[in-house]
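Trainee: Using the numbering used here, read the sequence shown as starting at 54 and increasing by one per residue.
Please note that the accuracy of each hint is not assured.
[Said to hold, decoys possible] Using 25 Å as the maximum straight-line C-alpha spacing, the simulated DMTMM-like pairs for lysine to aspartate or glutamate come out as follows:
no., residue 1, residue 2
1, Lys105, Glu263
2, Lys105, Asp254
3, Lys150, Asp162
4, Lys105, Glu180
5, Lys105, Asp119
6, Lys150, Glu175
7, Lys150, Asp119
8, Lys105, Glu175
9, Lys105, Glu211
10, Lys105, Asp162
11, Lys150, Glu263
12, Lys105, Glu268
13, Lys150, Asp254
14, Lys150, Glu268
By construction, these hints were calculated from the structure, which means they are not laboratory data.
On a predicted model such as this, the values are computed, not experimentally measured, just so you know.
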Amino acid sequence: MSQVITQDLSFFHLVSGASLPVQLVMLLLLLASFVSWWFIFRKLFTLRQEIKQTDEFENIFWRGSDLNALYQRAAGARHAVGSMERIFEAGFREFTKYQSGVDIGPIMDSTRGAMRAVYQREMDRLESHLSFLATVGSVSPYVGLFGTVWGIMNAFRELSNVGQATIAHVAPGIAEALIATAMGLFAAIPAVIAYNRYASDTAQLATRYESFIEEVSNVLQRRVAKPRDMANFS
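Working from the sequences, and respecting the hints, build out all of it.
Mentor: This is the structure:
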């Protein structure tokens, strides 16, 4: 008898014997979990590579490397460089369009605008799919709870048709309902942890990019103003 109960309460037997709404809830949660794990690993490698490329380019830039050489490198391998290098490439390309003798104000405004536009595109790329992880993390427990409530309702409905209620009659329905809750938590917890981690990483990168835009603007502004200062001195 105990062997029959164990077989009846096995995971696969409970899932296959669940009601159609509960099975749909489980399938939805399983798909959400698979997709969220795909985005979790994809975003992990993307952000790790982005942080590495940002560190490398910052070190090269602040070692006093030639700006023209950095621009040629970024322009020649635009799809293989990091976001910070793309920001610099856009700003320097806009900066080189102007000739000497032009007022410095419009030059720097246009340069900052070009870097800001690339910055926004790069942040949109880095933040992509984070909203999906946030949605899975916040909604999955409630979806699992819906499956739990439905399963318990079915358990009590079947219990009402039994003359003498025993634990053997109640246990399968309750276990089926709790599986939906467990699957909801299984989908939600990794998504929440990943979202918080990746949101923090992207926020730190955004701060570094914004600071870099201002620093590059100052460097280029000094580059424009230096010849004029020398001319006034002479």
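Trainee: Hint by hint, say whether it matches the structure.
Mentor: Each hint tested on the structure:
no. : hint               : verdict
1   : Lys105 with Glu263 : holds, 18 Å
2   : Lys105 with Asp254 : holds, 12 Å
3   : Lys150 with Asp162 : holds, 13 Å
4   : Lys105 with Glu180 : holds, 17 Å
5   : Lys105 with Asp119 : holds, 21 Å
6   : Lys150 with Glu175 : holds, 23 Å
7   : Lys150 with Asp119 : holds, 18 Å
8   : Lys105 with Glu175 : holds, 15 Å
9   : Lys105 with Glu211 : violated, 59 Å
10  : Lys105 with Asp162 : violated, 30 Å
11  : Lys150 with Glu263 : holds, 23 Å
12  : Lys105 with Glu268 : holds, 20 Å
13  : Lys150 with Asp254 : violated, 34 Å
14  : Lys150 with Glu268 : holds, 20 Å
The earlier numbered hints that this structure contradicts are 9, 10 and 13.
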